[in-house]
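From first to last, the protein sequence lines stand for chains V and L.
For the first sequence, the residue numbers in numbering that gives the first Met the number 0 are 0 to 154.
For the second sequence, the residue numbers in numbering that gives the first Met the number 0 are 0 to 154.
No wet-lab data here; the hints were simulated from the structure.
The reader is advised that the hints may include incorrect statements.
Copies of the same chain are indistinguishable here, so a pair counts whether it falls within one copy or spans any two.
To be verified - Below, simulated DMTMM-like cross-link-like pairs (lysine to aspartate or glutamate); rule was C-alpha separation at most 25 Å, straight line:
#  : residue 1 : residue 2
1  : 7         : 133
2  : 53        : 66
3  : 53        : 73
4  : 53        : 114
5  : 53        : 14
6  : 7         : 101
7  : 53        : 116
8  : 53        : 13
9  : 7         : 73
10 : 53        : 76
These figures come from a predicted structure and were not determined experimentally.
2 protein chains.
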Amino acid sequence: MAQEIERKFHVTSDDWRALADAGTRIRQFYLASREGLTVRVRRREGRPAVLTLKTGSGLSRGEFEYDIPDADADALEAAHLGTVIEKRRHLVPLGSLTIEVDVFAGPFAPLVTAEIELPAADHAVTLPSWIGREVTDDPRYGNGAMALAGAPPPA
Amino acid sequence: MAQEIERKFHVTSDDWRALADAGTRIRQFYLASREGLTVRVRRREGRPAVLTLKTGSGLSRGEFEYDIPDADADALEAAHLGTVIEKRRHLVPLGSLTIEVDVFAGPFAPLVTAEIELPAADHAVTLPSWIGREVTDDPRYGNGAMALAGAPPPA
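Looking at chain V on its own, in the form it has when it is part of the complex:
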């Protein structure tokens, strides 16, 4: 179990692309998505499938990750809720930290979000100019909520 401290933001321009890697494709679906718990299966280009349970909500959540066989992930998809989420994740360095920029595809385009994992909840961070409004505490931007309810409001 890891305690995850993450802040999430809208992305308001393409200026991050000059600093980013080529990105990896992610396909993920939710088996549960409710207040206090999501159960997600993620397929990421070049990696084993991962079953992830997240507890709690907001800035600080419990995260439990287990590698599972790809065949299990394939079979579990039949039980998914709502919409399967497809996106490309790019990594952008920010000093000693890394920003994950998610470019959503399909029904969620043109949404682009940025997440920063912090070593502590009160860790100070100077944000680049392409980072927009913070949505860490807005449950509509949780990918589990998006799978059920659709795209959140635009930037």
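Here the structure of chain V is known, so what remains is to put chain L in place on it, guided by the hints.
Okay, now just chain L, sitting in the frame of chain V:
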């Protein structure tokens, strides 16, 4: 992933006890319980904690089991739905098969159920006299449903 073919019955007397082992204590809780999917964490005396996902319903279900650290199981219990289920499971041989007799504790007592895992859905089986009404297709006897809705009807 295993395909599980199981029939479930009420137990109508204590005659099975002469044939049974001493049993093992089971404590389990549900993180999801809906039509087509349950997500369960089971702690069983002397074994590692197991995260189990079951898909489908009725006689034949998909079952996905992953050992997880005990500390993860402890932390995940905070997100459980409904009632934590405690029971003692006894094994009773039946020819080449094994009957699992579950004696429920707490709010589900005095419920006692028997499950038989079959090699095929049409596998013939001669049932002992202490086996009562079949409840395989009654969703109220699924332990995930019981965690949410309470004890099912008595035998």
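**Request:** Measure nothing new, just compare the shortest in-copy and cross-copy C-alpha distances for residue 53 and residue 76 to 25 Å and report within, between, both or neither.
**Result:** both (18 Å within a copy, 12 Å between copies)
**Prompt:** For the identical chains here, do residue 53 and residue 13 meet the 25 Å Cα criterion within one copy, between copies, both, or neither?
**Reply:** neither (30 Å within a copy, 43 Å between copies)
**Asked** Within a copy, between copies, both or neither: where do residue 53 and residue 66 come within 25 Å Cα-Cα?
**Response** This pair counts as both: shortest intra-copy Cα distance 15 Å, inter-copy 17 Å.
**Item:** Same-copy or cross-copy closeness of residue 53 to residue 73 [CA-CA at most 25 Å]
**Value:** Both: 21 Å inside a chain and 14 Å across chains, each within 25 Å.
**Request:** State whether the alpha carbon distance between residue 53 and residue 114 is at most 25 Å within one copy, between copies, both, or neither.
**Result:** The answer is within: 16 Å in one copy meets 25 Å, while 32 Å across copies does not.
**Request:** With 25 Å as the alpha-carbon cut-off, assign the pair residue 53 and residue 116 to within, between, both or neither.
**Result:** within (15 Å within a copy, 32 Å between copies)
**Up to 25 Å CA-CA - residue 14 versus residue 53, copy category** = Answer is neither; intra-copy 31 Å and inter-copy 45 Å both fail.
**Prompt:** Is the C-alpha distance from residue 7 to residue 73 at most 25 Å within one copy, between copies, in both cases, or in neither?
**Reply:** neither (29 Å within a copy, 28 Å between copies)
**Message:** I want to check one pair: residue 7 and residue 101. Are their C-alpha atoms no more than 25 Å apart within a copy, between two copies, both, or neither?
**Reply:** within (11 Å within a copy, 46 Å between copies)
**Request:** Could you place residue 7 and residue 133 in one of the four classes (within, between, both, neither) given a Cα distance threshold of 25 Å?
**Result:** within (6 Å within a copy, 51 Å between copies)
Hints 5, 8 and 9, counting from the list given before, are not met by this structure.
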